[in-house]
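Letter by letter, the chains look like this.
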Amino acid sequence: MPYLISLIILFIFDTALVFLPDDNPVLNFFGVLPDADDDGNAYYSYRYKVYAIILLNCTATWVAEKLIVRYVTSVADAAVQKKKDGEFDRMMARF
Amino acid sequence: MLAKAQVYARMSPDDKASLVSSLQETLNEQIGMCGDGANDCGALKTADVGISLSEAEASIAAPFTSQVQDISCCVTMLREGRAALTTSFQAFKFIELYSFIQFTSVIMLYCINANLTDSQFLYIDLVALLPLAIFQAWTGSYGKLTKEVPTATLFYFPVLVSVFTSTFIQLGFQLWLFYDIRQQPFYKPPVQGGDSIETEYTDSYESGMLLQLTNF
Numbered sequence: 720m721p722y723l724i725s726l727i728i729l730f731i732f733d734t735a736l737v738f739l740p741d742d743n744p745v746l747n748f749f750g751v752l753p754d755a756d757d758d759g760n761a762y763y764s765y766r767y768k769v770y771a772i773i774l775l776n777c778t779a780t781w782v783a784e785k786l787i788v789r790y791v792t793s794v795a796d797a798a799v800q801k802k803k804d805g806e807f808d809r810m811m812a813r814f
Numbered sequence: 022m023l024a025k026a027q028v029y030a031r032m033s034p035d036d037k038a039s040l041v042s043s044l045q046e047t048l049n050e051q052i053g054m055c056g057d058g059a060n061d062c063g064a065l066k067t068a069d070v071g072i073s074l075s076e077a078e079a080s081i082a083a084p085f086t087s088q089v090q091d092i093s094c095c096v097t098m099l100r101e102g103r104a105a106l107t108t109s110f111q112a113f114k115f116i117e118l119y120s121f122i123q124f125t126s127v128i129m130l131y132c133i134n135a136n137l138t139d140s141q142f143l144y145i146d147l148v149a150l151l152p153l154a155i156f157q158a159w160t161g162s163y164g165k166l167t168k169e170v171p172t173a174t175l176f177y178f179p180v181l182v183s184v185f186t187s188t189f190i191q192l193g194f195q196l197w198l199f200y201d202i203r204q205q206p207f208y209k210p211p212v213q214g215g216d217s218i219e220t221e222y223t224d225s226y227e228s229g230m231l232l233q234l235t236n237f
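Chains A and B, in that order, are what the protein sequence lines are.
In our numbering, each number is its position in the first sequence, counted from 1, plus 719.
In our numbering, each number is its position in the second sequence, counted from 1, plus 21.
Possibly wrong hints are sitting among the right ones.
[What the hints assert, rightly or not] Calculated pairs, DSSO-like style, for lysine-lysine (alpha carbon to alpha carbon, straight line, at most 30 Å): (1) K165(B) x K801(A); (2) K168(B) x K25(B); (3) K801(A) x K168(B).
Since the hints were made in silico from the structure, they are not lab data.
I would like the entire structure built from these sequences, with the hints used as guidance.
Right, dumping it as structure tokens:
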């Protein structure tokens with residue numbers, strides 16, 4: 720549960736960092752430049768694209784951890800167990 | 022017999038110590054011992070993990086002492102042990118990933134003569150590292166004992182696969198945004214530093230973008 724709190728803090732702050740308005744002093748302090756050109760045209764919609772890419776990144780990492788790593792772990796664990804069982808069977812045969 | 026037997030009775034203190042020692046040699050596993058009297062001292066000392074149910078003699082030989090006089094402490098011991106192991110491995114993976122991600126970000130920014138600014142490093146430390154470090158250490162063990170056992174080796178193939186898979190995914194998305202921001206109509210290239218060796222880096226679109234992506 721406490722770990723979830725840190726994830727919520729991260730989520731709130733990082734979402735704010737993407738969507739705060741250009742003139743917000745927090746954005747200026749953390750060096751996030753305004754998305755407006757020299758003619759004063761603002762491209763706020765680009766932030767939705769950035770946020771979508773960020774969420775896609777999170778999802779891809781989570782899916783990779785759940786699918787690929789879980790599969791590799793099960794295969795590696797089975798190989799270790801098989802090796803252990805083999806050693807044990809050899810020892811039992813010796814006795 | 023050692024591998025199959027589950028109940029041993031009428032054992033002397035030496036027999037108990039000998040049994041623990043034989044189990045360690047034969048099964049090649051970490052062996053735990055839980056006992057409540059002076060006659061368990063030898064076995065408690067021999068075992069990899071000894072839990073004493075007594076605050077008297079046996080507690081001297083055992084590294085752990087339980088206030089509850091039954092074997093429910095073994096379940097608590099396993100839960101806490103697994104939690105400690107998992108937390109230390111997660112901390113290792115976190116630090117490794119953090120280093121890789123920051124390394125790739127900084128290398129990309131160096132290529133355009135830019136870098137993360139001091140305030141951006143401050144943001145990473147305050148918002149990402151500090152809460153994670155505090156709350157990760159604060160998180161307790163899982164409520165019940167599960168069948169899944171955490172890996173006991175740090176340089177285990179799945180652990181490395183996990184770290185490198187995440188690193189490559191991060192790298193791919195960093196490159197995507199790094200080049201995408203440069204195609205935008207509002208994009209302005211970073212101001213080049215002077216001739217000084219210690220260049221003072223200014224804010225850039227790329228560094229802001231990588232900060233937003235990698236912190237999430």
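Violated constraints from the hint list, given by number and in increasing order: When the structure is compared with the hints, none of them turns out to be violated.
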